[in-house]
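Undergrad: What follows is each chain in one-letter form.
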Amino acid sequence: MAYSFDFSSLLDYTPVLVDGVVTTIGLTAVSTVLGVALGIGGAAARTSTVKPLAVVVGAYVELIRNTPFLVQLFFIFFGLPSLGIRLAEWQAAVLAMVVNLGAYSTEIIRAGIDATPKGQIEAGASLGMTGPQIFRYVVLGPAMGKIWPALTSQIVIVMLGSSVCSQIAAEELSFAANFIQSRNFRPFEVYFLATALYLALAVALRWVLSLIGGRMFAKGVSRA
Amino acid sequence: MSPVKNATGRPLVKLSGIRKSFGPVEVLKGVDMAVEEGQVVAMIGRSGSGKSTLLRSINGLERIDGGVIEVDGECVDPGQIDLRALRQKVGMVFQQFNLFPHLTAGENVMLALKVVKKQDKAATRAAAEAALAKVGLGQKFDAYPSQLSGGQQQRVAIARSLAMAPKVLLCDEITSALDPELVAEVLGVVRKLAEEGMTLILVTHEMRFAREVCDRLVFMHGGRIIEQGPPAELFDRPATPELAQFIGMVEAR
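Protein chains in written order, with the numbering used here: chain A, 1 to 224; chain B, 1 to 253.
Certain hints may be false.
Unchecked claim - Restricting the straight-line Cα-Cα distance to at most 30 Å, the calculated cross-link-like pairs of lysine-lysine (BS3-like) are: (1) B:Lys89 / B:Lys114; (2) A:Lys219 / B:Lys114; (3) A:Lys118 / B:Lys167; (4) B:Lys121 / A:Lys118; (5) A:Lys118 / B:Lys114; (6) B:Lys134 / A:Lys118; (7) A:Lys51 / A:Lys118; (8) B:Lys121 / A:Lys219; (9) B:Lys14 / B:Lys167; (10) A:Lys219 / B:Lys117; (11) B:Lys134 / B:Lys114; (12) A:Lys51 / B:Lys134; (13) B:Lys114 / A:Lys146; (14) B:Lys121 / B:Lys140; (15) A:Lys219 / B:Lys118; (16) B:Lys140 / A:Lys219; (17) A:Lys146 / B:Lys140; (18) B:Lys134 / B:Lys117; (19) A:Lys118 / B:Lys89; (20) B:Lys192 / B:Lys117; (21) A:Lys219 / A:Lys146; (22) A:Lys118 / B:Lys14; (23) A:Lys118 / A:Lys146; (24) A:Lys219 / B:Lys134; (25) B:Lys118 / A:Lys118; (26) B:Lys89 / B:Lys118.
It should be emphasised that the hints constitute simulated quantities derived from the structure, not laboratory data.
If we strip away everything but chain B, and leave its shape as in the complex, we get (with noise of 0.2 Å):
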């Protein structure tokens, strides 16, 4: 199967100079990366490389020590207090799911559209059964968390982000956290997202999966991004010794 091509052109998500220190560690040496609407992108590179504080950098939960994040035209200032209206915009994935273990399924995804889009009751639970179905979840509306599975419980996380209609999803190592039989489902949902044109960011360590969906492939190292490139292009060809050897790492396991 051939990338998605799908990308409009149209700059959804610029970050230019991105510098983040933790205390004497500097995490993010000046990153530069522009993403498309539509765009599927996925960020590879060892642990430790920068590439989950960058895509918690996008929605401000990681604020920058320098550079510029601009999101669909608007500037995350990175001394802003109210990140709202941007996170509104950007949708977020975790790799330990985080659904609010108090509330059944469809109750978690309709919070945020109630206390946040302030939508009426109606309204809110037609979106949270169309969210919830389209992951292929439409009949467990009521159950707990505690009483899905992995995969189940990442897809209600899914569901949750995309009720709140974001122009983009970032998505955190949203499988590394599940059962190796588990993992398949979760990515048919985001490769279902990736064909009906959802502006995707992944960190993801499923080079198979980033191969055959992602639009680009951003290779972090040591803070920067060194390469990027159609995957095929960087799997097949990689310029640096650094990319050749983390494939080589990756596909050794």
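If we strip away everything but chain A, and leave its shape as in the complex, we get (with noise of 0.2 Å):
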């Protein structure tokens, strides 16, 4: 018997859908700031002269890249109680989201500081700057500027990733869908539709990444 196609079920659930989207944003959104800030901040304290600083940010690195996802989820929702610690679905969404993002941007960020021709940071020296004052206004922008668009992709990636999230109940859009389906028993319609919306967000997320990246870091560069 040929399945027949029933995308009109989905109306009654639009609510939903529509709260999971926004909650995906919203994760995205914060844990893309927080993450990317951490990783400037990982990805200097890696570069630095502090060789304390630079091992145990090195071990945090390695830590977070070197094991699932799903588990350093499950480890901050379900484990940190042990310690006391009770964080909302939500924000175990969002802490497991930063430190990863965190981890991966260091290593990319890391990556832009090291191609910073020496010269330049000589220049800065001999300028009065101190090293903070070139890492901010000499090395950070041009760095950026260079792994932008591998940056984009790890925050695509992890804008994905948050469907995980699903997991603890935090009601993202994986979230949405799956209750969906348990409602509605159409899995066919609900995951195409989740799919199509994932891959939209994961086009505009790109666009408005290319946008900033153009805006804050594309200065000089010749437009060859």
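Please assemble the complex out of the two chains, which come individually in their own frames, going by the hints.
TA: In structure tokens, the structure reads:
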């Protein structure tokens, strides 16, 4: 027997889907801002001359990059309460995403920092600038510009990875899809739509990030 | 044209017994040198003779292993972490320009005025405009380095250093990365600075320029200064076979 498609059955759940999309966008926005900030700090620490700091951050990066996101999320949500740290679903989701993106972006941004010509740092030093001033005004901007495409991909991965947060009942898009198909028994239609929504979100996110990158970091890059 | 004679006799930079090794290679083997205020000194010598290392030690870009560096009466301690005060007195221009690519010419000049000298916006802007005008690039305030020729970029780099009002300007082979037709515009700026009484220490391969503009020539060989004096004297009557050979080499080019 042929399966008869019925997308109209999803209409009743529009508010659930909208909530899911909004939550996914919210989770992604917050964890992108905080995660990239963490990555900038991590990259600064990893490239600093303070060895213990570089080692600690290096350990953090390796720990996160070599363990599954789902386990990190479960550890935060189910594990930490044993230490008395109880987080709401969305809090645990944001924390897991920030910690995860922070580690990956530390590595990505560090690559950009390492690509800074030594002469520019010497020029800053010759002008009497301090190390932190050189980092902030001379190194960071061009470094971010160089690695922006790689960072964009990582942020998209984190946005798509936020679907994992449905496993702790963070009510994002995947959670909404799971919820709807458990009610209307229309998994094809629901996941088809969820797939389309993720695709649209990913395309939109890339577009927004490339706009931001062009605004903030493309200065002085020859438009040849 | 005769060399510019505007030295005041006040010692501004004093180097005594400077030693520096890179691993097992000793590149500076006890160098003594003094530069008076207003003097224009060129350091010449083969590559590997230690002249760039010596120049870079004057503002602490190279940490020296021994000896004493004094700038404007202040001792530069080799173990000193904070060299910022010194570096505000010693400007530096590099072979590769080293402009900040994400900042316009004007912003390149203004950055250190803003974050190091903490000048307010209006003063910073005025100083940057004046510095760029001085190197003939008043019209290029809003141009990015990628939009400028090599010669223009190097002039912006000079303006960036000058705006900090240094007591002495170090120039490390500042025309070596330039196309031949762009060398003159940069040397023209340096010549003007020399005429205005700026203290300059140059590492250069431009022998004609050194001869015309400098008060004193310092010839380095094997990590030591083995000859120094007025350019005409050194060029016409080199006292050492090393210098004679070096002059022969450059003139044969």
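Undergrad: Need the list of violated hint numbers for this structure, in ascending order.
TA: Violated hint (a single one): 12; every other hint is consistent with the structure.
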